[in-house]
Amino acid sequence: MPVFPRTQFPSTGRRRHVASPPQRPQPASMPLRLSPLLLGIAFIASAGGVAAEPPAARTTTVQMVAARDGADEAAFMLLKPPELSRSESGDKVLDRIEQLPPRQLGLSDLLPDVQRRPWVAMMAALLFMIVIVMMIYAARHVLFTLNRLFGKQRHPYIDIECASWPMITVLIAAHNEEKVIAGCIEALLDTNYPAHRLKIVPVNDRSTDRTRDIIDACVARFPGRIMPFHRVTGKGGKSAALKDALAFVEGDIVIVFDADYVPGRGLLKQLVAPFFDPEVGAVMGRVVPMNAGANLLTRLLDLERAGGYQVDQQARMNLRLMPQYGGTVGGVRRSAITAVGGWHDDILAEDTDMTYRLMINGWKTVYTNRAECYEEVPEDWSIRIRQVMRWSKGHNQVLVRYWFQFLTSPFLTLRERIDGMLLLLVFVIPLLLLAGWFIVVALYFANAGALLNRLIPACALMAFSTMGNFAAFFEIVMAVLLDGNRNRLRLLPLNLLCFFISLFAISRACGNLFFDWLLKREMVWDKTVRYRQPPLA
Amino acid sequence: MMTTLLMLLFCVLCMAMLTLPFVPTLREWRTPSDCSPLPISRQHANEIDYFARQFRRDAIAEIGTKDGAIGNFDYLFDAPDKVNWPAMTRPLIALRGLHATNPIRCRQPIFVTTDLTAPRESSLAAVLACGELRLGASSEILDWGHADGAIELGPSCVALRRLSSRTAIDLAAQCCFERLQAPVIRFGLADPAVAPPPPLAGARSELRTLPGAIRRSDDLHLIRGDCSLPPGHLYKGSLVVLGHLIVGNHTTLIGDIKVRQGAIIGAGARIIGSLICDDRIYILDHASIAGPVVSETDIVIGSGAVIGARDAPTTISADNLIAGCGAVSHGAVWARSVGVVWAP
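Residue numbers (the working numbering), protein chains in the order written: chain C, 1 to 537; chain D, 538 to 881.
Rather than coming from a laboratory, the hints here were simulated on the basis of the structure. Please note that a few of the clues may not be correct.
To be verified - Per label pair, the in silico range of CB-to-CB distance:
hint : chain 1 : residue 1 : chain 2 : residue 2 : range
1    : D       : M544      : C       : R401      : 53 to 59 Å
2    : C       : T413      : D       : S874      : 23 to 29 Å
3    : C       : W437      : D       : T746      : 45 to 51 Å
4    : C       : F504      : D       : L563      : 55 to 61 Å
To be verified - With a straight-line cut-off of 16 Å between C-alpha atoms, the simulated EDC-like cross-links for lysine to aspartate or glutamate are:
hint : chain 1 : residue 1 : chain 2 : residue 2
5    : D       : K773      : D       : D755
6    : C       : K243      : C       : E375
7    : C       : K199      : C       : D252
8    : C       : K152      : D       : D816
9    : D       : K773      : D       : E743
10   : C       : K199      : C       : E250
11   : C       : K152      : D       : E833
12   : C       : K243      : C       : D95
13   : C       : K152      : D       : D815
14   : C       : K152      : D       : E743
Glycine is no exception: its CB is placed at the ideal position from the N, C-alpha and C atoms.
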């Protein structure tokens, strides 16, 4: 057991009279620059090795000291050499410990005492791993932001203005969308995409409100331009509806919008242009909250969206990583969909599912930052929580299904593979974070008094609470500045609120997903509420 | 008592220090000063003549008023050689053609209802000609230029930013440009009569027979390394090449091409589709490409090469673009850094 000189402990008034403490010798076996591996070993050692269980006989004394002088003294007692008599008073004990020759630390001292306190060692090791993971995510956020600020920006397809535009079909996913469907259809009819090359298919998925009537009214107003698909039977959910709607698609390019989106005049051309690249399987545009100023939640989501698209997605595009197809304000190539097995209707995140299947099979996804489109974001926390839970469940479904195929796909570059895996794990991280917090607290109580144990969990907590999570805030700040805004950044500290709520919502969703799988429960598509007022009849 | 007070004071100070950063947050929350959605122009369509259309609208509105009530423009009544161009402070309207013999150096946009002809070393900020626009050698357009008729730029002219025409643009040798758009763009005084493309010919071959070809879909093949299409063959289908691509002379490919590491389109070869490349593209003499040509670095277009067709305009886009004399493009040409008409 290593001997720690007294100076390492927080000084107390009672110890002030003790003469000059001996200098702690520099252990020969401890290099000055620790590699991550050695650091990990040291960390594990600190958790397990130092806090070796004291003999049962000393427990009472330790408890007494703890009650009288606090945890520090109790820890000190735990560390004192066994040859000291329990009858000696505290000061005498301290003086005698001071006089003992310090022993050099060897590698055996650094190894965890797994046999005596295996759970402590395991928790410490797990915490160390969590810290490493969080730091990787932190580095990723920082890298993306720096790339967005200083790297070369890739917009390879943005200049394609003149071309023989291909035949496309626009699918508008609509389930009880009476408030917004007309606006979306009218905006699409107003685009500058050649009308004879454009087929608009509103996919009315078993709506029970006036959606059908509104669509039919639009069909009557614009004869020959709209081909409605009123879906009255079949499995619920967007992916199931899109799967059925594929039968109505004309041409090789399918553009997908949710009904609450209002595309601009040039948006379709911007979304279609990347498909001139035969390697591109899916394209994603930028989503901008329309109701950003509605309340605090929408303002916070506006910040979050800015970071996600302006920095995160564009940086992925710049770095040739893996921009994610988001299921709306985007398009997919029908031949690519067919080649990878079509839409899957048993998944909640059909967009993530499609992204990964395309990438696994060698197709590329592309992000076009200038193809911007308004959407509505949730204005109620309960709706937001449900939305995050749905995303989380769907994303983790994809993780379970494709992680191995993704790791072994022959079509991916190393950087795509790394980025894809980090993206795939993104809805597991909150769970890890919660676990990390729990472990930190548990370690603290399990090893109270051991200096190293107290410091390292604290550092770890700081590290992954600041670098790990708040690097994302760095992204948001730069995104908002790139967008030309400034004052809204003052709300950034409140984004912690979003962060915490998402943390628990995602963790809960992970649990739900597990029980869904265990109990063979069917997952239900949870529609996001719209806030716009319906048009007058 | 004193200790308790000090502790209390300390706690209050700590709380204040912790709360202080949240004051701007709370103020912004309670009294929002920046909460409008990110502005997206629904009318934005990336059209090259956007500024010209705006200017035309304003100018026509001005001309439509009998007494110049809008008053945002000045009218040019004098002969162009008598105008003190640098002294002009407002946009100009010329109701007659402008045919100058001395250089025009104007920092204000000019609207001309018919033709504008300026001699060598003229310098225009922006110009909209309802007729034709001709600039002599070493002239420059600094912002944008548009003509309903043809545009002719003499040798060593510079057209920064946008230049568009509804009929044709002719750029003489050594001209530099950035964005051009017209039904016909001729580089280095190319032959105005572009020969129609020859009929499809060559030995019919399958892409799947190429070394290392991997079938990706019914219409698409992938080649992991370099790829060379032999001369005089006819292929049908799209191709993704992870290495370099060389298309042999007089070979035709009906489909789209994506190349990661550079492409050479041989003399007389035809691509009836798009050509997208992460690196440099060489289009050799008399080759033709029907669809968009996009490079993330440079494109070199040989003499007599044809991009697009009059009835099917397309886009060429690269950071740097070098067009040989005699090359012709239909549609849009975008050089993100610089484009040059090269004459040996």
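So, going through the hints one by one against the coordinates:
1. Evaluation of the 53 to 59 Å hint for M544(D) and R401(C) yields a pass: the beta carbon distance comes to about 58 Å.
2. For T413(C) paired with S874(D), a C-beta distance near 27 Å keeps the hint of 23 to 29 Å intact.
3. Checking the proposed 45 to 51 Å range against W437(C) and T746(D) shows it is violated: the Cβ atoms sit about 60 Å from each other.
4. Distance hint for F504(C) and L563(D): a CB-CB separation of about 24 Å, inconsistent with the stated range 55 to 61 Å.
5. A distance of roughly 11 Å separates the Cα atoms of K773(D) and D755(D); the hinted pair therefore holds under the 16 Å criterion.
6. As the CA atoms of K243(C) and E375(C) are separated by approximately 23 Å, the hinted pair breaks the 16 Å bound.
7. Proposed proximity of K199(C) and D252(C) is supported: the alpha carbons are some 12 Å apart, at most 16 Å.
8. Distance check on the hinted pair: K152(C) and D816(D) sit about 14 Å apart at the alpha-carbon level, within 16 Å; holds.
9. Distance hint between K773(D) and E743(D) is fulfilled; the C-alpha atoms sit about 7 Å from each other, no more than 16 Å.
10. A distance of roughly 7 Å separates the Cα atoms of K199(C) and E250(C); the hinted pair therefore holds under the 16 Å criterion.
11. For the hint pairing K152(C) with E833(D), the CA-to-CA distance comes to about 11 Å; that is within 16 Å, so the pair holds.
12. A C-alpha spacing of about 79 Å is found between K243(C) and D95(C), which places the hinted pair above 16 Å, so the restraint is violated.
13. The suggested pairing of K152(C) with D815(D) holds, with an alpha-carbon distance near 13 Å, which does not exceed 16 Å.
14. Of the supplied pair hints, the one linking K152(C) and E743(D) is violated, its CA atoms being roughly 38 Å apart against a limit of 16 Å.
Going through the hint list in order, the structure does not satisfy hints 3, 4, 6, 12 and 14.
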